[in-house]
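*Asks:* As a plain string of letters, each chain reads:
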Amino acid sequence: MRHVGNDYMIVDPSQDMVDMSTVFNLNDSAAWLWKELEGREFTKVMMIDLLMERYEVGKEQAEVDVDKLVEIFEKYKLLK
Amino acid sequence: MVTPNSIHIENNLLFEQVLSYLQQGKGVFIPIKGGSMRPFLREGDKVLLKSIDPNALSRGMIVLAKMDGRWLLHRVVRMDQKIVSLAGDANVAIHEMVAYSDIMAVATTLKRAGKEYNLNDKWRLCLGMVWYWMRPIRRVIRKLT
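Quick note, the sequences are listed as chains A and B, same order. Numbers 3 to 82, taken from the numbering used here, label the letters of the first sequence in order. Numbers 142 to 286, taken from the numbering used here, label the letters of the second sequence in order.
Looking at chain A on its own, in the form it has when it is part of the complex (with noise of 0.2 Å):
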């Protein structure tokens, strides 16, 4: 992930390529929580507990937006 002018941007450095065309635009919690994830295996748990801590929001909020998060992660398969 890198931070570009004033977005959070997620690139696929597939191999020894990097498309610029199929960039990823986070916003700031998404941005945040991502950082704290980079490079380690994590469960909705801890995401949901990060998101909890830093921004103090109720559980199911929390609960409800990681889904979501998660949801869009897989479809675009930025997850391992």
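Everything labelled a hint here was simulated from the structure, so no lab data went into it. Because the structure is a prediction, the values reported are computed rather than measured. The reader is advised that the hints may include incorrect statements.
[Stated by the list, open to error] Heads up, simulated EDC-like pairs for lysine to aspartate or glutamate below, C-alpha to C-alpha not over 16 Å straight-line:
1) LYS167/B x GLU184/B
2) LYS191/B x ASP21/A
3) LYS252/B x ASP21/A
4) LYS252/B x GLU184/B
5) LYS223/B x ASP243/B
6) LYS167/B x ASP9/A
7) LYS167/B x GLU40/A
8) LYS207/B x GLU151/B
9) LYS37/A x ASP51/A
10) LYS187/B x ASP209/B
11) LYS79/A x ASP69/A
12) LYS187/B x GLU257/B
13) LYS223/B x GLU184/B
14) LYS191/B x ASP18/A
15) LYS191/B x GLU151/B
16) LYS79/A x ASP30/A
17) LYS46/A x GLU62/A
18) LYS174/B x ASP21/A
19) LYS187/B x GLU38/A
20) LYS46/A x ASP21/A
21) LYS61/A x ASP51/A
With chain A held as given, fit chain B onto it using these hints.
*Replies:* Okay, now just chain B, sitting in the frame of chain A:
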């Protein structure tokens, strides 16, 4: 939270990223914007950029160059000792003069409609140059039409 594609990155920021990947020895696909390289490159195409040794440059190659803070993806049409002349395929008159050190990368592969084409085989380089040499004729045709 996450939106794929369709985000617009300002050119300077985009190419800063591209450069850093090139310096890591990676190839970088970029989408073609605008029509300055028509008919050879069209909006919607993607090209693969790779860093290049100035000694390996040759006429007919399409290169990424930085000129006066502007980024160009144009064709090498003339190589002098210190200066390389570039031309957009769609243009009938203008050249851009850059130093060898301003050339950041060469386009090696064209991806169009799911297919890939080698941009640097002899035939394609030659075709690009013939198109360039036809500029005087293309100028006349443009005036007539």
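*Asks:* Is the Cα-Cα distance between LYS191/B and GLU151/B 16 Å or less?
*Replies:* Violated, at roughly 21 Å.
*Asks:* Holds or violated: are the alpha carbons of LYS252/B and ASP21/A at most 16 Å from each other?
*Replies:* Since the Cα atoms of LYS252/B and ASP21/A sit roughly 11 Å apart, the hinted pair holds (cutoff 16 Å).
*Asks:* Tell me if the straight-line CA distance from LYS187/B to GLU38/A falls inside 16 Å.
*Replies:* violated (33 Å)
*Asks:* LYS191/B and ASP21/A were given as a pair; does the straight-line alpha-carbon distance stay at or below 16 Å?
*Replies:* Roughly 12 Å separates the two Cα atoms, so the pair holds.
*Asks:* Taken at face value, is the distance from the CA of ASP243/B to the CA of LYS223/B at most 16 Å?
*Replies:* Answer holds: LYS223/B to ASP243/B is near 11 Å, not above 16 Å.
*Asks:* Does the structure keep LYS46/A and ASP21/A at a Cα separation of 16 Å or less?
*Replies:* violated (28 Å)
*Asks:* For the pair supplied as a hint, LYS223/B and GLU184/B, confirm whether the alpha-carbon distance does not exceed 16 Å.
*Replies:* violated (32 Å)
*Asks:* Does LYS37/A pair with ASP51/A here, judged by a C-alpha cut-off of 16 Å?
*Replies:* Holds: LYS37/A and ASP51/A sit about 15 Å apart, inside 16 Å.
*Asks:* Are the Cα positions of LYS207/B and GLU151/B separated by 16 Å at most?
*Replies:* Holds, because 15 Å separates the two Cα atoms, which is no more than 16 Å.
*Asks:* Quickly compare the C-alpha distance for LYS167/B and ASP9/A to 16 Å and report which way the hint goes.
*Replies:* violated (23 Å)
*Asks:* Are LYS46/A and GLU62/A close enough, with their CA atoms no more than 16 Å apart?
*Replies:* Status holds; Cα separation ~13 Å.
*Asks:* Does LYS61/A pair with ASP51/A here, judged by a C-alpha cut-off of 16 Å?
*Replies:* holds (8 Å)
When the structure is compared with the earlier hints, violations turn up for hints 1, 6, 7, 10, 13, 15, 16, 19 and 20 and for no others.
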